[in-house]
Amino acid sequence: MSRLAVVVFVLICAAFALSWAVRAGVTGGDHALREAFLVTLSAFMTLAIMSFMYRDNPYYKFAEHLFVGISAAYWMCVGFWSTIVGNLVPRISENLSEFFKVPYSGGGLDFDLFFLPYRYFYMIPIVLGILLLMRLVPKAGWLSRWPLAFIVGTFAGLNLIRYLQSDFVNQISATFVPLFVEWHGFGDFIGQLSLAADGQFVAMMTNLIIFLGVLCGLIYFFFSKEHTGWFGGASRLGIWILMITFGASFGYTVMGRISLLVGRLTFLFRDWLGIMS
Amino acid sequence: MRHKLKLVLVLVLCAWTTAAAQTDTVLIDPVSAAPVLPPPLPVTNLQAQDTDNDHGHAITLTWEKSADDGAGRNSVLAYEIFRWFPFQMDVVDALRKSVSETRDAVRAFRIDLPRAEHALRELREDPGKLRTLRFNVARPDDSTFQLTADYAIRALEDTIAFIREHGPILKNRIKPLQQDLEKALAELPQAYADYPRDGEWRSLGKALVGSTSYTNTGAKESTDKDFIPDYTDLYYRVEAITVDESIRSEAVTVGPVQSRGQWFHAGRVPVLGFVLMFFVFTLTFVQMAKKGANLYVRPLSGIEAVDDAIGRATEMGRPILYLLGLGDATQVSTIASFSVLGRVAKRVAEYQTSIIVPCYDPVVMAVAQEVVKSSYLDAGRSDDYKQESVFFVTNYQFAYVAAVNGIMLRERPATNIYMGKFMAESLLLAETGTLAGSIQIAGTDEIAQIPFFIVACDYTLIGEELYAASAYLGREPVLLGSLKAQDWAKVVIMAVALIGMLGTALGWPAFAQLLQVTG
Amino acid sequence: MGNLGIIIALALIGGGLLWLLIRAIRGKEVNRRLIFVFILVSVAAPILFTITFEMKPTPIVQALYDKIENLPEGSKVLLSFDFDPPMAPEVQPMADVVSRHVLAKKHKAIFMTLWATGQAQFNITLEEVIRRDFPEARDGVDYVDLGYKAGNEGVLNVIRTDFKKMFPTDVNTVPWDSLPILNGVRSCSDFDLIISLGGGKPGVKEWVLFVGDPTRVPTAGGVAAVVAPMLYPYYPGQMCGLLGGIKGAAEYENYFRDNHPRYAGMTTPAMLMMGPQTVAHVVILAFIVIGNVLYFVTRRKEVKR
Amino acid sequence: MRREIPLVITIFVGFLAIVSFFSPPLEGLGEDFTLFFDIIAVFAFFLGGGNLVRIHANKLIKRKTDWVYSIVTLVGFFGMLSAGLFKIGNPGDISTSVTAPGSLFSVLYFNLNLPLGSTMYALLAFYVASASYRAFRAKNREATVLLVAAFVILLGSTPFGTLLTSWIPHPLDILQIPNLAVWIMSSPNLAGQRAIMIGVGLGVVSMSLRLILGIERTYLGDDRG
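Protein chains in written order, with this note's numbering: chain A, -16 to 260; chain B, 11 to 529; chain C, 39 to 343; chain D, 1040 to 1264.
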């Protein structure tokens, strides 16, 4: 560690210690020290991550590694309590439910598919889960493919249907828009032929663009036909439509990103430094 | 015997409640002062049939509006629907309740006993703990009452004694109660068959004025309180009611009707149609491909870049970073990414360069290890395979990003390949990659993220192209066949869209309705 | 004081951009760290010295507002808090204002979450909105919190047909049957409106695919800006309204506040956030311009050579 | 054998899942399978955790570069894990939620996970800016279209859009930036989104088919494995 690094480190420590003390003074109350420490800690973590924008550095590395450790454990715990204890235990064992104090739902006359009591039916995932852990045993590692096969198979089936219905049938039938808006006679049509957002002309253009856009977009995705001639033209139109889409959603997203930064800065200014109300 | 008792009890209860109800209506009748209006005309043509496309346990009623609904005297406020309940249902219900209540009581005792004992010990040691006592004792409802330590101790002792005494008794009571419940359930069908003896009409709810149908959906678990048995005669009645609840049309009764489950969901035929279409297309073209019909596929720059990228990595002696994204193994995009990973890893093994695969999901990690390992085997370099090259980071989105960004700046991979489901982190990763000077190839079906990849990466596979990628890299005729099938599906879609559009343009909605998926 | 500060800050930013533009015309690239600094200033300044703008609701926001406004009193509305703290700055304001609107119209509000992290977010709304603005609302009668269940789309798959199976109790382990608000709720079909507040997966899209479409229950959403464009195709067919990003939230807040004088004093975080938004947007636009100027300048040079 | 059985499993459950959609009595099946997955996933969590620990312990023992930080990771991991599994400092008994306020678990979450996560996310604000500066350049037709669309939307989401173009008279008011932005979002954007969606739908469907028909089996690894 170079001398400079040491100096910087010491300075930073001093700065945060100071801010802790000040914070504690400002907060007051019996938990002041604790509260102040936690806020200061959060602030340190915030700045440590932000320092990554300058370049990779020990403080970022520290924050990063800590983050990885905690978050990995976070989901393990949540998964354990909400799924194993919350969903599995009540279905398989009354005593365990008693132990974890969760309402036992598997008992009584509750029968499920194949007329298997839940208790037995829900042994399947346990078995599969254990098979998955077989990976840790070199000899029996191949057994772990069964649960994987189960997962992949099931969701291949479920997804096939879901997407077919929602992203597909529904989206197609949504393109069934009247290309010509309601016909009230020619004079009326001419009268309404304005570029105004509420004008008939715009409405018509919109429908037309949506329809052609979808078609050309699909043409762009053709894999087994050369994109030449009229087909190529259509696919070029398609890619343009896609580009507009991407530009639009990029532009739209910026908004969200700024909000996030606002959130963080507000934390720093208000909760830590206390320089804004 | 117990049944009879329960029955009597319940009957008395019902009698009392109905009586109470009647007196209530008289008391709080809002328009009793107003001139009493004549009862509205009843509904006509009341029909009841089993609800379609369900697993049974549901009945749908349909009727034609009362003449006074919206027309005529226009006095109808709503339609009240009744079903005939055999009293046996109450027996079942009562038993069900007592079973669950006993269970709860037993559980509560288990929780309270240790707490009480603990509190007792504390108090005995130091009566001053009374204020911090975490177990509140029964107090006499007397405002002047002052809680003293020894009162609390006595109260606690009583409680503990009570629990000790009654806990076991209650526990032993559960089993017989359950048996009774089963017996009572067994007698249900008979009870329903006895209509109209030993039963009464009970309101299920109201359908708003103007409505002409009502679906009575029950539970399928016989232990549930609104359980409707299948293949059992049920009877319904509908009354048109007015502002004044006590003025109502005479009841129209319908029945018997039975609920049953259907084996096929008729509302989903269009989906089935498409499923079949896909099966046929895929199978035919795969067969054609197997027979060796040569299938053209247009070049995808993103795919062709993969090979050069791997070559580049080899020259620079730097690793390749492959990210499978945030999807878990249930997402098809992740599975697509597996097969791309397989191809890439094979090349990597052949070129004898190294690959890093940090994973977001443990299951995905498991699969990825299998995939990479077998690719090395296929390339005949199984000994070059290091298991730690495919590892789990964490499945907390931004912790994962933080770690991967670190890897990018420290390992300096020559190429980053992002394939699969990506969320907000897409740009964080891609920008850092650019900073690290890596060639970047991305592919995702997450529409919101494609723009960021397009902006920050050298090549991007857009949506569907990701799914085609594995076929492209694999070059196996079978896979190319399925691509062909995909394209033909597109043709069908366009045709359908065109017809549908023309249909709506010419004011001929029949076709659009064909595609309506209900339920 | 505040005005002075903002003026100085804006002047700094403006001047800096101008200088960069001139450098660009001379053909000099902008260092990315410099860009970062500009963004930092342009966001920080308006936070420290607040600026706000009035805004009109766009139709798609209006649609959701009207939907809630026109439901008959006592309708059952399901609100799912499918977001986490990182997304909160964007989505929490929506969650707050929509919950406020639902309760203000005396609808029955049923809260749940598909994200482990959503529970904490709901607690915020509970404290800041429900307990503060609706002290009379009773838990279990006027609103209920069913809490979190793991399983993402899986949860939706289950509750679509059988809610109780997934949520045997509410978050305080009160059994389902003893919650009056849930009387007559068996599946998602029994709700009058479903609103998912989210920005990730599972989120609004999953609600539409797995619940809205099959059950045909009107479904609406409030989402982080990033996913909003992806959801436009679902409106109006499969969704009955959408709040896109902080702008949507701000529009809703503004409109709700103007039409419900009773809540005139309510906090409007989203509207406050539009200040930094605007400045930052302008800065980014400026950088795009600078980038293109630079591009054409350099290309002309190459052509000359 | 090591590959056939998994293949059979995939095909069987795949078809089962499809059938269950069309047959009301089997509707419960999809739900149960999804619950199954969640349970398996939790087992996998422990697989992942184990892997994490092994990697970092390895780094630590072999004194690889940055091994010091591996200590941080391990400490964080085990600290959080014990806090969560043993519900350290949770108010009330075992039945209270693991994230209950006051528990060590939630304290760690709110003071470490939360700031770290949100900050990482917030970096996007900066990256979006640098990316748009670097990449939004009118290099060719496609790039120009992208640029213009983004520019209009960006302008439209600021009050300046209104200021700049509010002078445009009624019949042409579609050209006012805010209107134009809304129109782009709800017309060409919609078309593009829909095209991609249908495409993705197709991709998913045919990929799923390949899996169910056993054509695509990379995920199964290799017999010799």
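These are calculated hints, taken from the structure and not from any lab test.
For every residue, glycine included, the Cβ atom is placed at its ideal position computed from N, Cα and C.
Treat the hints with caution; some may be incorrect.
To be verified - Straight-line distance between alpha carbons at most 27 Å, and here's what the computed DSS-like set of lysine-lysine pairs gives: (1) B:Lys185 x C:Lys202; (2) C:Lys202 x A:Lys84; (3) C:Lys143 x C:Lys94; (4) C:Lys202 x C:Lys114.
Claimed, not checked - Stretch-level coverage of chain B by chain A, calculated; a stretch enters the list once three of its residues show a Cβ under 8 Å from a Cβ in chain A: (5) 111 to 123; (6) 393 to 406; (7) 460 to 469.
Verification of the hints:
1. B:Lys185 x C:Lys202: Answer holds: Lys185 of chain B to Lys202 of chain C is near 24 Å, not above 27 Å.
2. C:Lys202 x A:Lys84: holds (18 Å)
3. C:Lys143 x C:Lys94: Status holds; Cα separation ~22 Å.
4. C:Lys202 x C:Lys114: holds (16 Å)
5. 111 to 123: holds (count 4)
6. 393 to 406: With 5 residues closer than 8 Å to chain A, the stretch 393 to 406 of chain B meets the three-residue bar; holds.
7. 460 to 469: holds (count 5)
In this structure, none of the earlier numbered hints is contradicted; all agree with it.
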